[in-house]
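Top line first, the protein sequences correspond to chains F and R.
Just so we're aligned, residue 1 is where the first sequence starts under our numbering, counting upward by one.
Just so we're aligned, residue 212 is where the second sequence starts under our numbering, counting upward by one.
By construction, these hints were calculated from the structure, which means they are not laboratory data.
Misleading hints may appear alongside valid ones.
[As the list claims (entries may be wrong)] Simulated restraints, written as ranges between beta carbons of each label pair:
| id | chain 1 | residue 1 | chain 2 | residue 2 | range |
| --- | --- | --- | --- | --- | --- |
| 1 | R | P276 | F | E108 | 34 to 40 Å |
| 2 | R | E259 | F | V124 | 20 to 26 Å |
| 3 | F | T61 | R | Q247 | 17 to 23 Å |
| 4 | R | S243 | F | R207 | 34 to 40 Å |
[As the list claims (entries may be wrong)] Among the chain F residues that face chain R by a calculated CB cut under 10 Å, a handful are:
| id | residue |
| --- | --- |
| 5 | V99 |
| 6 | V124 |
| 7 | A157 |
| 8 | A174 |
| 9 | T193 |
| 10 | C210 |
Even glycine gets a Cβ: it sits at the ideal position worked out from N, Cα and C.
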Amino acid sequence: MSASTTPACGRSHQRGTRPKRRLAPFSGTRPPPLGFRADSVHPYTGWVNVPLLSIGPEPLTLEPLVAAVLARPGQNIGGDGAVAVFLGLVRNHNLDREVRHLEYEAFEPMARTVFGRIAAEVAVRWPGARLALHHRVGRLEIGDASVAIAAATPHRADAFAVCRYAIERVKHIAPIWKREFFEGGDVWIEGATANPDDTEALAAAERVACA
Amino acid sequence: MRVTIRLFARLRDIAGAAELTREAASGATVSSIWQQLVGEFPELAAYERSISGALNAEYARMDQPIHDGDEVAFLPPVSGG
């Protein structure tokens, strides 16, 4: 992997490269903001020492991750122009099965190391980005968050790209497994054979991140 | 020498244990430990081509040599997220 200083997605974040589109004005009722305290004036104060990378049984919310990526000790905190977030949820169906709940198992010490590797991959591809990545283990019910990601970057396109890249890499190489309990049985879900040096998988993650 | 073997998800179910301790011959590799396990739990053979190996909680090549006291882990295809 080369120590390039060019963001992985090229220069798409620069102004004036794409035509502006007009969207119809929002007309629905506005839902409460996901995962944020309704009584808070500034939702990111009050969170200190949130780890950027973590795995454990605690329920996930986005707010601590946003606080974590915006806290840049000793750095120019005014340089961030965007935070993008991703929350992965337990869905009630999979491959025509009615899912009842999931159980996540992880090799936790190794998962932390792998999250660090993903953060390092991000740092090479999006210099200046800051990534937070939390994964939950144990029994999760339908609608529970299994993974939460936040990325702070100077420009918005890169924040989205980093989130997408990180979730793709979690699915490729994090030593985590889900067991699906559905109507009439249960099964271990088996996705990708994990190989952190698989260059095709790395290229695929970059491709979808920059799409 | 003695090695600790850690198994996850379906591999753990097949072996009926998350952690095993086994004697290994000197010159053993991640791969030879896997073959030893397959001898003990033939159902594991189905995972021959899809497992990943880890040594002391880091990804390892299957030909990596192991030493006394090492922890070897075998990972079926992952499904986090």
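Practice task
Return the numbers of the hints above that this structure violates; sort them in rising order.
Solution key: Violated: hints 1, 2, 3, 5, 6, 7 and 10.
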